[in-house]
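Enquirer: With the hints as extra help, turn the sequences into a complete structure.
Those protein sequence lines, which keep their order, are chains A and B. In terms of numbering that gives the first Met the number 0, the first sequence opens at residue 0 and continues consecutively. In terms of numbering that gives the first Met the number 0, the second sequence opens at residue 0 and continues consecutively.
The hints are simulated quantities; they were obtained by calculation from the structure and are not laboratory data. Glycine residues also receive a C-beta, built at the ideal position from the N, C-alpha and C atoms. It cannot be assumed that every hint is accurate.
Taking beta-carbon pairs under 8 Å as the criterion, some of the chain A residues facing chain B (in silico) [what the hints assert, rightly or not]:
#, residue
1, 12
2, 16
3, 17
4, 19
5, 20
6, 26
7, 27
8, 34
9, 134
10, 144
11, 146
12, 181
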Amino acid sequence: MSEPTALGLSVRTGSVMVAFTAVFTAIMAFTFSATKARIDASATEEKMKLISEVLPASSYDNLLLDDFVTLGPTRELGLDEGGRIYRARKSGRPAALLIETTAPDGYSGRIELIVAIRADGGVSGVRAVTHRETPGLGDYIDPKKDKNKKSPWIAQFAELKAADIPGCKVIKDGGQIAYHTGATISARAVTNAVARAARYAAANHNRLFAAPSGSKP
Amino acid sequence: MDFQAYREIAWNGIWKQNTGVVQILGLCPILAVSTSIVNAVSLGLATILVMAMSNLVIAALRNFIPYEIRIPVFILIIAALTTVVDLAFNAYLHELYLVLGIFIPLIVTNCIVLARVEAFAAKNEPDSSIVDGIAMGIGLTLVLAVLGAVRELVGSGTLLSGIDMLIPGAQAISVFGDAYPGFLVAVLPPGAFFTLGCLIAGRNWLEARKAARARRNPPSVADTPARA
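Expert: Below is the structure:
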């Protein structure tokens, strides 16, 4: 056998590469479609669990996941690609707004949050949905990673009333929210995002509750 | 393949060629996630799984992979298997996925997986390759566990924090009590380098001591009389 030419070699190895790519892409595609239904179901369940942590189930009686408004890109909430606001009602009267918001200035990128603002303007609860804060350092913003299980850091927000919103800053910035020394940036990002969400809810309260479900207010 | 050969491979992976303290490969995830035992061991377990699978698949396919493009093909296979593991964990072991999820994609970037595929699986039978993958993975997990334990203990004064996500109801151990102020350097990346350096030094010291002993008492039959 003679030495293969560069062209012959690239055609041969190229087709082998394509064959491998096709086979393994097929394996990935098959796994993706086989697991999609279960992953979606877990995501919905996860979402409901998260909602029950920020807003007690007794405080509303509507089908929360079906009653929402869709937002386009909203600077005030840090949403570059839009998001949703779920509306909790009790006996038809506004009870709370569940706002998807993003803190763009976490220590390792964006922190996605869900913030529940009661109809009276107070904060009902806050949870980090996704974040990449440093494990063991800044990740205490997630109560699952917070070493203090009895009163996790993020529980501070649930004590905020409407009048406290101007003080919704970390202590270093002149506010009332405590944080862990050495990991101020994560706490500050979450705190400022909560304050922005509370102000947004207060400013747009009537408009958000009046819009028909699924619409853009 | 006989049992002796498997034992040789396993010993190689866990001690003689340990990825963390001898080959010093794949440090990026080691340093990034070894802030607590639970994180560290979780990543270790996921890595064992991916290494066993990629070694097995590549050893089985090694005769079909042209030498010239073996690296792109290896990377393709490792990335595909990691994606499959990621999706399968998410769908069928969701609780565990919530803990491991962020670490699984990191495995693609771990050069130790590619290194073992290139150095071992591409030249050996599938059965010994899978043993090599698991042994290398266990070696890595042990280093991760020690690093995680030391950094967690020194850095935050606890052990096994986050264990309740793996085993519901289990409690983290607070070694120095709640008043322990913490030692931030241990949790930050320098702590990982310090601890890893100590581990490497410790292993080298053990090996050097063994070598010195072997020099003093040459292992010949005449020199070791029975002391009966």
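Enquirer: For every hint, state whether the structure bears it out.
Expert: Here's how the hints hold up against the structure:
Because the beta carbon of residue 12(A) sits about 5 Å from the nearest beta carbon in chain B, less than 8 Å, this interface hint is met. Look at residue 16(A): its Cβ gets to within about 6 Å of chain B, closer than 8 Å, so that hint holds up. With its C-beta approaching chain B no nearer than about 11 Å, residue 17(A) sits outside the 8 Å limit, and its interface hint is violated. Annotation: interface hint on residue 19(A) holds; nearest CB of chain B at approximately 5 Å, less than 8 Å.
Interface hint at residue 20(A): satisfied, since its Cβ lies 6 Å from the closest Cβ of chain B, which is below the 8 Å cut-off. With its C-beta approaching chain B no nearer than about 6 Å, residue 26(A) sits inside the 8 Å limit, and its interface hint holds. Checking residue 27(A) against chain B: minimum C-beta separation of about 5 Å stays under 8 Å; hint holds. For residue 34(A), the interface hint holds, since its Cβ comes within 8 Å of a Cβ in chain B; the closest pair sits about 4 Å apart.
For residue 134(A), the interface hint holds, since its Cβ comes within 8 Å of a Cβ in chain B; the closest pair sits about 5 Å apart. Among the interface hints, the one on residue 144(A) holds; its C-beta lies about 7 Å from the nearest C-beta in chain B, closer than the 8 Å criterion. Restraint check, residue 146(A) versus chain B: the minimum CB separation of about 6 Å is within 8 Å; hint holds. Taking 8 Å as the C-beta contact cut-off toward chain B, the hint placing residue 181(A) at the interface holds, the least distance being around 5 Å.
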